Every structure is written in structure tokens, then in C-alpha cells.
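Chemist: Now for the letters of each chain:
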Amino acid sequence: MLVVMTGVPGVGKSTVVKKAFEKAEKKDIKLDYEFLNFGDMMLKSAKSMGLVEHRDEMRSLPIEKQREIQKGAAVEIRTMADDKNIILDTHASIETPKGYIPGMPEWVLRELKPDVIVVLESRPEDVNKFRKKDIGDDFRRREVDNLEGIERHQSVNRSIAMAYSVFTGTPIKVIWKPEGTLPQAAETLLEVLK
Amino acid sequence: MLVVMTGVPGVGKSTVVKKAFEKAEKKDIKLDYEFLNFGDMMLKSAKSMGLVEHRDEMRSLPIEKQREIQKGAAVEIRTMADDKNIILDTHASIETPKGYIPGMPEWVLRELKPDVIVVLESRPEDVNKFRKKDIGDDFRRREVDNLEGIERHQSVNRSIAMAYSVFTGTPIKVIWKPEGTLPQAAETLLEVLK
Amino acid sequence: MLVVMTGVPGVGKSTVVKKAFEKAEKKDIKLDYEFLNFGDMMLKSAKSMGLVEHRDEMRSLPIEKQREIQKGAAVEIRTMADDKNIILDTHASIETPKGYIPGMPEWVLRELKPDVIVVLESRPEDVNKFRKKDIGDDFRRREVDNLEGIERHQSVNRSIAMAYSVFTGTPIKVIWKPEGTLPQAAETLLEVLK
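Protein chains in written order, with our numbering: chain A, 1 to 194; chain B, 1001 to 1194; chain C, 2001 to 2194.
Honestly, the hints are just simulated from the structure, not real lab data.
As the structure is a computational prediction, the values presented were derived from the model and not from experiment.
Certain hints may be false.
Pairs of lysine-lysine, DSS-like flavour, derived with a Cα cap of 25 Å [said to hold, decoys possible]:
hint	chain 1	residue 1	chain 2	residue 2
1	B	K1098	A	K19
2	B	K1098	A	K26
3	C	K2113	A	K98
4	B	K1084	C	K2098
5	C	K2098	B	K1018
6	C	K2047	C	K2084
7	B	K1027	C	K2098
8	B	K1113	C	K2113
9	C	K2194	C	K2027
10	C	K2084	A	K98
11	C	K2027	A	K98
12	A	K194	B	K1098
13	B	K1047	B	K1084
14	A	K65	C	K2194
I would like the entire structure built from these sequences, with the hints used as guidance.
Modeler: Spelled out as C-alpha cells, the structure:
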């Protein structure tokens, strides 16, 4: 099983995943998953190709090289997923100054062949509240109070996830997690994972 | 003409189709269409491949076999559509416990090459009301009162339909049919069919 | 740079582009772009293939020919874009009697390989107000007061743009321009162009 976890920054992906595993333990359900992050896997892939030494260098590579790295990471993750269960932390789409870019463009998606893509959604207000707490992070501070932006990003993520599913047939699990519904969201995720 | 009819369960696809044909008759417009259901065509395709005898067995086939069946059904429908007009009843996306899956993933879509995909939409309240009436069906009973779920499924269907159109250039006709607008919806469908 | 500008009719594409260039001039930022319109390029491509003499004839060509023309135009634009910066005016989706069709179906998109796709959005009320002013145009007059239709078209455009991005990895820049925000919208576009 290769489970791809997506959601806008601050929606609470890791919280829901953690809670789902706690629930599994309480219910004596054995979940055996390795956690991977697509960004980390890209860095590993770039290093092994001898292209970069540090994460910051990746952005300055020519776009063709960046795609090669993305694809390399996808191939490696798919190979790992043939042997064990993986939860892959990544983005449905990434907000950049030039616009939204897909976290899994065709050349990644066709290699990755995820078994399910989870799209975690919440109310923009809740996401915003979470982001505000995280004041140590400059990037996030700039983003606060941008409720319309959060709503737009979530709508974009859902649309792009549906496009992903046409390429690979992968089910798209939308989990709705407004404030106060963490237990239910974790339960829904657990049903997907077990 | 291969017209694909989609819409969430309970939105009233067959009602609108029936009404469109009644209108055609009153106006002396000759509509010559054969009605097919994608699920039925898949079963037929699976039987002819010697893979199953009953519908229930299809779900337990390995995923690769299921895809082969889907593709086989699509090829057969396309062949038929080259000789006559067909209205194909299917889903833009199907809600499963693992998430939304595409009714026409790439390997189906590229064979099917529909001439138009109709997406029938209504207010969640109206869909819900219709589903409640249909109390003989356990599946549907479980679904009642899930207005947010209906809204989400409709939004997902519209997104996925737009992704379909990029692959094949097929026009996506969204028909909006809230309660009380059956005549207009049927009229709009008639314009597509004639 | 090949920048594709999209937005529903009446959303104010040319106004925002013009304002962005004015801002650039004031700030002494040199923008060197050629403006192209996809429809014009298709006509040019059709003429050079000897298929038509006038724009009106294009619609009566067989669909396969139309696709060839679209592809021809895309190839030519891509070739031009390798030498200079281009702003391409086109549609994310086009509303036709048979439904929404993609402005950049797969066979166009894979040749065009845009560097960024801008989706200009506004409030349906503002779009409608603009369309009403333009009363000399019969097509537009018919469309007035159709707020739900404008909203649906904008939602469809955003979905289809996200599907485009999966094929090519192209960033999708959604620019939100309700009444009174022309300066900000132009500023955002300028950031994309420079």
C-alpha cells in the first residue's frame, strides 16, 4: 500500500496521522507503515545523481534536471512500496509565486502509482488559526489572515486530485476535518490505512 | 453519437432522459438512441472473457483484470457507437470506502471517445429528498441526510469531468436541475441529443 | 516565456494586461512581449494548410481537420516562444451549445508547453456588469444576467486549468480581480511577466 497524504500547510496532516495510529493501537489493529516525505526523497535522489549537496541547490537546477530528480524519487518510492506499506507526505499542489504547481505531475504520477491519495481539508479559519500559532516560521507568518487564499488552495487541491485519478484510477479520499472532528477524521483515515 | 449521462445517485438522470424523449415525441423530433449501462456492459465483457458468471464476482478479481474488463466494455461500446446513437449511463466518479474513483479512467476514456458527457446536477436537498423516498435500498438509506457529502460528490464530478475533456476534447454539458426545473433540464438535454 | 492568459469573456483580461504594462513602464521595468491570440493563430494555420479562406469556414471542417489546425497553431506558437516572450490570449474552456470544451486539449497542450497559465477571475456581478455595457454584441447580450452561468464557467475554468498542469507541470496563476482591485491584479500579473 502506498498512501499519499496531502493537504494545505497547517491543515493538520501529521496530527491526524498520529491520532489514527493511536486509535489503531487502542483497537489492537496492527498498522505497519514507513513514513516518507517526497521532498526528502527528491533530495536523496538528487544527491545520489551527484547533482546537489544541499537542499537549497535544487531550485537553481535547470527544470529538466528537476524533473529527472522528481521522477527518480518516484521510481524509488514505488520500488519501496512494492515491499512494504508507505505513507508519503507530499502536496496535491504547491503555491509558488508563479502559481500553483502540481505535486504529482504526470511523470511523477505514472511512476508512483499510488494506491490511494488522501486529501485532508478543513475550514480556512481553522487552518489560519493553526498557522498563526506557528510564528517561528517567516513563510507562514506572511500567509496569515489569508482566508480566501486558503479556500482557493483547497479548491485547487481537490480539482487537481481528481485529475490525478483519471491518469491512474487511484481513489481520492477527501477527509473533512473542521475543528472538533479530529477523532472522526482519524477514524476515517484508519479505515483507509488498515 | 455517444452521449455519456452522469450525475450522483438520486439526481434524476432517468427522469430527465425520459422527459427529453417525451418532449421530442411531442415536437415530432425523431430520436433514435440505444440505452446502455456501463456496469452491465462490464459484466457482459467479463462473462465473454470467461472471468465471472455473476456480477458480485467482479469485485474480487485482481485489479488488473478489472481494468481489462473496463477496457473491453469501452471498446465494445465504441464499436457499437460507430453504427448507432447511444446513451451510456455511467458515473463521472464513484464514491467507495477508499475514496472517489473515476468512472472513466484514462484507459476507458481513450477507447470510449464520447461525443459529449452530460453532468446532471441538482441541489443537495433535492437529491437527498429523492434518496429518502427510495427506502427499499439499504445502501441509499445509509446515505441519507448527508448534504455535505452530496455537495462534495457533485463538486468532485464536475472537476473530474473537466479533466476528462482535456484527454479527448469531449464537450462537458453541465445541466442544472433543481426542483421545479425538469422541463427546462429536459429541453437542454434534448438540444444535446438531437 | 510563453504566458497563457485566460478568463471568462468580460472578466477584463486586456484591461489587466494593459495596466500591468503601464506599471512596468512607470517602474522602468522592460517587458518585451509579443501578443498573440490563439483563434487568430488557428486561422493562420488553417489558411497556410489551404483549408479555409475565412474564419467562418473553420467550424464546418471535419473535427479531425480542426484538431490538426489547433495542433499546427500550437506548434507554431511554441516555435515562436523559443525565440521571444509571448502573451497568448485564449480560453481555459469555451462554452458551446454542446457543453464546455477545453481551450487546450491534450494535443494542443503537449505542443504548446506554456511556462505559466494565468486564470483571471472576478465576481460574477462584475463580469456581468461589464458584459451589459457591451451591448453592441448580440452574443453577449444574450448572456447577460446569467450570474450562475458565469460562476459555473469560472469554476469549470479553474478545474480544467488544474488538469492542464498535471500534463505539463505548468504553474497555474489564479488572479482574483473583483471590482476595485485592478491595481493589485496588474501588480500580480507584472510579477509573473517580469
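Chemist: For each hint, tell me whether it holds in the structure or not.
Modeler: Okay, the hints, checked on the actual structure:
At most 25 Å may separate the alpha-carbon atoms for a hinted pair to count; B/K1098 and A/K19 meet this at roughly 19 Å. Pair hint B/K1098 plus A/K26 holds up; C-alpha atoms about 22 Å apart against a cutoff of 25 Å. This hinted pair checks out: C/K2113 and A/K98 have alpha carbons roughly 15 Å apart, not beyond 25 Å. Of the supplied pair hints, the one linking B/K1084 and C/K2098 holds, its CA atoms being roughly 19 Å apart against a limit of 25 Å.
The hinted pair formed by C/K2098 and B/K1018 meets the criterion: a straight-line CA distance of about 19 Å does not exceed 25 Å. Distance restraint check for C/K2047 and C/K2084: the Cα-Cα separation of roughly 24 Å lies within the 25 Å cut-off, and the hinted pair is therefore satisfied. With a CA separation close to 20 Å, the supplied pair B/K1027 and C/K2098 stays within the 25 Å bound. Simply put, B/K1113 and C/K2113 have alpha-carbon atoms about 24 Å apart, close enough for the 25 Å limit, and the pair holds.
Simply put, C/K2194 and C/K2027 have alpha-carbon atoms about 12 Å apart, close enough for the 25 Å limit, and the pair holds. Distance hint between C/K2084 and A/K98 is fulfilled; the C-alpha atoms sit about 19 Å from each other, no more than 25 Å. For the suggested pair C/K2027 and A/K98, the alpha carbons sit about 20 Å apart, so the restraint of at most 25 Å is met. Straight-line distance between C-alpha atoms of A/K194 and B/K1098 comes to about 11 Å, which keeps the hinted pair within the 25 Å bound.
Between B/K1047 and B/K1084 the alpha-carbon distance is near 24 Å, which keeps this suggested pair within the 25 Å criterion. In summary, the hint linking A/K65 to C/K2194 is supported, as the alpha carbons are separated by about 23 Å, within the 25 Å threshold.
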